[in-house]
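Undergrad: Residues per chain are reported as follows:
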Amino acid sequence: MNPFAYTRAEGVSNAVRERASEHTAKFIAGGTNIIDLMKENVERPSRLIDITHLPLATVDEMENGGIRLGALMTNADTAYHPKIAERYPLLSKAILAGASPQLRNMATDGGNLMQRTRCYYFYDVATPCNKREPGSGCSAIEGYNRIHAILGTRDTNQDIHCIATHPSDMCVALAALEAVVNVTGPYGERSIPFAEFHRLPGNTPHIDNTLQDDELITAIDLPARGFPDHYAYIKLRDRTSYAFALVSVAAALELENGRIAEARITLGGVAHKPWRRLDVEAILIDKVPSKGVFQQAADAMLEGAQGFGHNTFKIELAKRAIVRALTEATNLNSL
Amino acid sequence: MTQYVGKPLSRVDGYDKVTGKAKYAAEFDVPDLLYGYVVNSAITKGKIKRIDTQAALNLPGVVKVFTHENRPKIAWFDMKYKDQDAPPGSPFRPLRDANIVYNAQPIALVVADTFEMARYAASLVEIEYEEDKHETAVETNRHKARKPSVGLTTLFKPGPPKPRGNFEESFSASPVQMTGEYMHSMEHHNPMEMFASTVVYEKGRHKSGGRYTIYDKTQGVTNSILYVSQVFDIPFKDIRVISPYVGGAFGSGLRPQYQLFMAVMAARELKRSVRVTLTRQQMFSLGYRPANVQTVALGASADGKMTALYHGVVSETSQYEDYTEVIANWGAMLYPVENYKLDHKLVHLDVATPMDMRAPGGVTGVSVLECAVDELAFNAGIDPVEFRLMNYTERDQIADLPYSSKELRECFRQGAERFGWVKRKPEPRSMRRGGTLIGWGMATGIWDAFHMPARAEAVLMVNGKLRVSSATADIGTGTYTIMTQIAADTLGMPIEDVLFKLGDSDMPAAPIEGGSWTAATVGTAVKTVCDDLAKKLFKIARKMPNSPFAKATFTDVVFADKAIQLKNDTSVSVSLQAVVDANGGAAVRETSSALPNLFKQRKYARATHSAAFAEVEVDEDFGTVRVTRLVSAIAAGKILNPKTARSQIIGGMVWGISKALEEESVMDHQFGRIMNHNLAEYHVAVNADIQDLDVIFVEENDDIVNPLGVKGVGEIGLVAVPAAIANAVFHATGKRIRTLPITLDKLL
Ligand SMILES: Cc1cc2nc3c(=O)[nH]c(=O)nc-3n(C[C@H](O)[C@H](O)[C@H](O)COP(=O)(O)OP(=O)(O)OC[C@H]3O[C@@H](n4cnc5c(N)ncnc54)[C@H](O)[C@@H]3O)c2cc1C
Ligand code: SF4
Numbered sequence: 001m002n003p004f005a006y007t008r009a010e011g012v013s014n015a016v017r018e019r020a021s022e023h024t025a026k027f028i029a030g031g032t033n034i035i036d037l038m039k040e041n042v043e044r045p046s047r048l049i050d051i052t053h054l055p056l057a058t059v060d061e062m063e064n065g066g067i068r069l070g071a072l073m074t075n076a077d078t079a080y081h082p083k084i085a086e087r088y089p090l091l092s093k094a095i096l097a098g099a100s101p102q103l104r105n106m107a108t109d110g111g112n113l114m115q116r117t118r119c120y121y122f123y124d125v126a127t128p129c130n131k132r133e134p135g136s137g138c139s140a141i142e143g144y145n146r147i148h149a150i151l152g153t154r155d156t157n158q159d160i161h162c163i164a165t166h167p168s169d170m171c172v173a174l175a176a177l178e179a180v181v182n183v184t185g186p187y188g189e190r191s192i193p194f195a196e197f198h199r200l201p202g203n204t205p206h207i208d209n210t211l212q213d214d215e216l217i218t219a220i221d222l223p224a225r226g227f228p229d230h231y232a233y234i235k236l237r238d239r240t241s242y243a244f245a246l247v248s249v250a251a252a253l254e255l256e257n258g259r260i261a262e263a264r265i266t267l268g269g270v271a272h273k274p275w276r277r278l279d280v281e282a283i284l285i286d287k288v289p290s291k292g293v294f295q296q297a298a299d300a301m302l303e304g305a306q307g308f309g310h311n312t313f314k315i316e317l318a319k320r321a322i323v324r325a326l327t328e329a330t331n332l333n334s335l
Numbered sequence: 001m002t003q004y005v006g007k008p009l010s011r012v013d014g015y016d017k018v019t020g021k022a023k024y025a026a027e028f029d030v031p032d033l034l035y036g037y038v039v040n041s042a043i044t045k046g047k048i049k050r051i052d053t054q055a056a057l058n059l060p061g062v063v064k065v066f067t068h069e070n071r072p073k074i075a076w077f078d079m080k081y082k083d084q085d086a087p088p089g090s091p092f093r094p095l096r097d098a099n100i101v102y103n104a105q106p107i108a109l110v111v112a113d114t115f116e117m118a119r120y121a122a123s124l125v126e127i128e129y130e131e132d133k134h135e136t137a138v139e140t141n142r143h144k145a146r147k148p149s150v151g152l153t154t155l156f157k158p159g160p161p162k163p164r165g166n167f168e169e170s171f172s173a174s175p176v177q178m179t180g181e182y183m184h185s186m187e188h189h190n191p192m193e194m195f196a197s198t199v200v201y202e203k204g205r206h207k208s209g210g211r212y213t214i215y216d217k218t219q220g221v222t223n224s225i226l227y228v229s230q231v232f233d234i235p236f237k238d239i240r241v242i243s244p245y246v247g248g249a250f251g252s253g254l255r256p257q258y259q260l261f262m263a264v265m266a267a268r269e270l271k272r273s274v275r276v277t278l279t280r281q282q283m284f285s286l287g288y289r290p291a292n293v294q295t296v297a298l299g300a301s302a303d304g305k306m307t308a309l310y311h312g313v314v315s316e317t318s319q320y321e322d323y324t325e326v327i328a329n330w331g332a333m334l335y336p337v338e339n340y341k342l343d344h345k346l347v348h349l350d351v352a353t354p355m356d357m358r359a360p361g362g363v364t365g366v367s368v369l370e371c372a373v374d375e376l377a378f379n380a381g382i383d384p385v386e387f388r389l390m391n392y393t394e395r396d397q398i399a400d401l402p403y404s405s406k407e408l409r410e411c412f413r414q415g416a417e418r419f420g421w422v423k424r425k426p427e428p429r430s431m432r433r434g435g436t437l438i439g440w441g442m443a444t445g446i447w448d449a450f451h452m453p454a455r456a457e458a459v460l461m462v463n464g465k466l467r468v469s470s471a472t473a474d475i476g477t478g479t480y481t482i483m484t485q486i487a488a489d490t491l492g493m494p495i496e497d498v499l500f501k502l503g504d505s506d507m508p509a510a511p512i513e514g515g516s517w518t519a520a521t522v523g524t525a526v527k528t529v530c531d532d533l534a535k536k537l538f539k540i541a542r543k544m545p546n547s548p549f550a551k552a553t554f555t556d557v558v559f560a561d562k563a564i565q566l567k568n569d570t571s572v573s574v575s576l577q578a579v580v581d582a583n584g585g586a587a588v589r590e591t592s593s594a595l596p597n598l599f600k601q602r603k604y605a606r607a608t609h610s611a612a613f614a615e616v617e618v619d620e621d622f623g624t625v626r627v628t629r630l631v632s633a634i635a636a637g638k639i640l641n642p643k644t645a646r647s648q649i650i651g652g653m654v655w656g657i658s659k660a661l662e663e664e665s666v667m668d669h670q671f672g673r674i675m676n677h678n679l680a681e682y683h684v685a686v687n688a689d690i691q692d693l694d695v696i697f698v699e700e701n702d703d704i705v706n707p708l709g710v711k712g713v714g715e716i717g718l719v720a721v722p723a724a725i726a727n728a729v730f731h732a733t734g735k736r737i738r739t740l741p742i743t744l745d746k747l748l
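One line per chain: the protein sequences are A and B, in this order.
The opening residue of the first sequence carries number 1 in the UniProt record's numbering; numbering runs sequentially from there.
The opening residue of the second sequence carries number 1 in the UniProt record's numbering; numbering runs sequentially from there.
Isolated chain A (complex conformation) (with noise of 0.2 Å):
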């Protein structure tokens, strides 16, 4: 860990201000992320921008029926708040099933989207990696890769750089409830829709999403429709608890007369960022709950698909979660 300087931030304008004017500062929300990889030498912030205090802990009731989450609430408040509970509970059992107790009460929604991959090679600067160092090369394409991708790891040229997943499980759900993600920036505010906020390594996979470097996220928008009566958070891992998904599917739908008619699907663990297929989506549309259209779905999720040795496993796996979240979804078993 170098030493770094420490500044807390007093208003959003201020943070932005000084996140602008030091292009190495780093903003700290819950810390848990941010400084492991400093005590490993991956992050080398010069200085530390502390918003803990800025007043971004807040939920709110938007206009258009949705609900605005500030970027500093923490993922323990925010999957107990009453009204994530009961009106988006697929986002509240992601972010539940996420780390542990004492992590969720210190992580911040804001740097749950903003966490890094948990490749072993990028968190250890003694091994080559695209991310941490480009043009340094993959270590995890011929190495160990049981918890990398297997999905959009190619560039435009069909070359692999990096095959880093993106470890949230909240970020999955957000995904497929089409969130919005609202950023400050130096020139003001924006909204960035969720399938555009993570992105793809192509052959830069240092980028690891579309935020700019003195952008402040300052809360999530969720559309008013949250899937309370049919939706599955399904998350594999190699313990029950406090371990990162291997696959991870969150599974909403809208029933209308024993038709599916609205479908989300969408993957976790498997790419650089959450993986959603609107194609796949439209197949289930208008069609009765089976296992055979589900099953046709989960294999078209996995179109494309491809594996590295250790992580082949994620494939079929994959597949079997997203069958398995649809079916419980829409009750199959039960109806």
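Keep in mind that the hints are not guaranteed to be accurate.
As a list, the in silico DSSO-like pairs of lysine-lysine whose alpha-carbon atoms are at most 27 Å apart [stated by the list, open to error]:
{"id": "1", "chain 1": "B", "residue 1": "465", "chain 2": "B", "residue 2": "17"}
{"id": "2", "chain 1": "A", "residue 1": "39", "chain 2": "B", "residue 2": "64"}
{"id": "3", "chain 1": "A", "residue 1": "39", "chain 2": "B", "residue 2": "23"}
{"id": "4", "chain 1": "B", "residue 1": "543", "chain 2": "B", "residue 2": "567"}
{"id": "5", "chain 1": "A", "residue 1": "291", "chain 2": "B", "residue 2": "746"}
Treat the hints as calculated values from the structure; they're not laboratory data.
Following the hints, put chain B with the ligands in place on chain A, whose structure we already have.
TA: Frame of chain A, contents of chain B with the ligands only:
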């Protein structure tokens, strides 16, 4: 009188631990302390071509960077680096030269006036390597395996015996057979407390040398003091090693770790007090349970009598030491097989030397053996418990001696009853709960019942209280508590009036705390010294003016209620306080040694036994396994304290779940480097993985092992559990998974 022994007393050190009063090696306050941070090698094999410390030295507060180029002159001979648990070979010597022999080997120590500065400076040390090709995988190098050399530690870890009968012939003639090849990954101990040494430096009596008080994380202060004295040529009288509390060790503290070397070197050179602590990542640069490949072949007659046993082991070690543990022998100790052939070879890799890790070798070998026996029983169409009863023996086939006691049969009976084993349907995949498969499996466990020589001191203090001490350790096991119980009972004192102290090299010597021998070894020493003190006290009491014991002999009295009483008439008594007064108001002290009674012991084999019964739930779509129930029945002689003993067994069972399903240090052989070197990615069971754990202590009387009848419970709780779980997974799914841990991908 046993008022305390056998009772479920809470830990006497519990209060200090939960209130933070208990101090660990890195927590002792020392004025003017310097902090050392270790730099570890990024490569696995080769040489340091250049090491540039200038940038580090330029930082404010950095005092010195020690490397192989500027390290002080220290002992030259390998012998001097041999600790009490050193395997045959040439021990690793930090900063010896430019050679790199394993990944993450310590190669420099940065010393600064704060920990943070030392750590930052360490990241600025520039190293240029010349890399050689390394080999780190057991599997691809197994053809190079060879016989281990023999040394002192071989005494406790005998190699495989000569074959008996004719395995090949009897195996091929066996109507019922099984063969299998099994693989286990490397595992690291990962105690909660990281290794640390705080070395307090004071000006010595002579001009030349200083005096060193060392707070060390260790399983034996005697081991640390020996090592420091020999390596740095410091006389014993100028060193004191203190280790009152150890935050878990599981065997990792059985050898001095490199932070001790580094801290003493820096303190001696800089004539300052120095602390060196390791990080969690650095904990993966220490010893570990070795990866191994095992082959087993078993044969039985049609009616289920085991006739042939082959157990072959290839396990890893470093290039510089031949670390062995007993892996292959257990089958011949557990089953009356006429024809056996056992083999243990080592492959030398570019890795650190492995170390004893809880039930070293025992859990490694038994996890395989007991899966194989399950398979053989299945092939014979016989219930696994029934099969083990049919192949029961009262003798250890290798030593060719009867067991001093062996209540394993009772373990099977009580364990099976508690578990409800009779309701098991023998066919795999035949039991279900909702959508999940249920599997019931069981296995046998065995571990040695060692007894070593030890010394202890007992003092009846001026205030009438008793203080007993021995230089042993309490690694969280409950040593403080059980020793206090034994002392209190022997001298008939209330437990509040008895103080047991340990972990100080100024105390009478005890062996390193390992092998589950401490309860027996130090317990016997404590009993002996308290008995001896009792005799001394009686002598004084008898000489008192108008002593009521003037005509009595020692056998006529008992010690009870803080007094010496006549057995026949307990109203005739002399209080212990009066004895102290009669001693001129001075404390009465006694120091004694307790040796194992070899004469008694040599006619018997001595071991603890267990039977574990496991229920698993398997989600077949996902391959996820949950252990829903676990029953362990333990035969371990006398249980001194059912509460602390149960904690030991439960801890072992949790380890068993981890080993079966989760735990492995994953090495990337491209780099020869362990990649999951943190507790987020190195998985052990968490609370949510643990459901119903049930422990039964089976009564077992044994007056041969030692006068207390104690066998030790530190390891036996673990030994049977992984195999019981793997067998339950087979029963649930019909799949034999021979590679641990059984992660979900293996069941898909
Ligand atoms: C052992 C362990 C296990 C875990 N397991 C899981 C798991 O199973 N599932 C899961 O989803 N997560 C898991 N986590 C990750 C955890 O959820 C994240 O670390 C946490 O959400 C990060 O939030 P934070 O507030 O602590 O972020 P910080 O560590 O404070 O910051 C992380 C990054 O986000 C940036 N940042 C923070 N807030 C903002 C903002 N408002 N605007 C712009 N940038 C910002 C910081 O600059 C920094 O780069 C685990 C973490 C650990 C340590
Ligand atoms: S997968 Fe990505 S993060 Fe991991 S080593 Fe390769 S480049 Fe680095």
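Undergrad: Now look at each hint and say whether the structure bears it out.
TA: Hint check:
1. Restraint check: the Cα-Cα separation between residue 465 of chain B and residue 17 of chain B comes to about 23 Å, which is no more than 27 Å; the hinted pair holds.
2. Proximity of residue 39 of chain A to residue 64 of chain B is assessed by CA-CA distance (about 22 Å); at most 27 Å being required, the pair is judged to hold.
3. Distance hint between residue 39 of chain A and residue 23 of chain B is fulfilled; the C-alpha atoms sit about 25 Å from each other, no more than 27 Å.
4. This hinted pair checks out: residue 543 of chain B and residue 567 of chain B have alpha carbons roughly 19 Å apart, not beyond 27 Å.
5. For the suggested pair residue 291 of chain A and residue 746 of chain B, the alpha carbons sit about 25 Å apart, so the restraint of at most 27 Å is met.
In this structure, none of the earlier numbered hints is contradicted; all agree with it.
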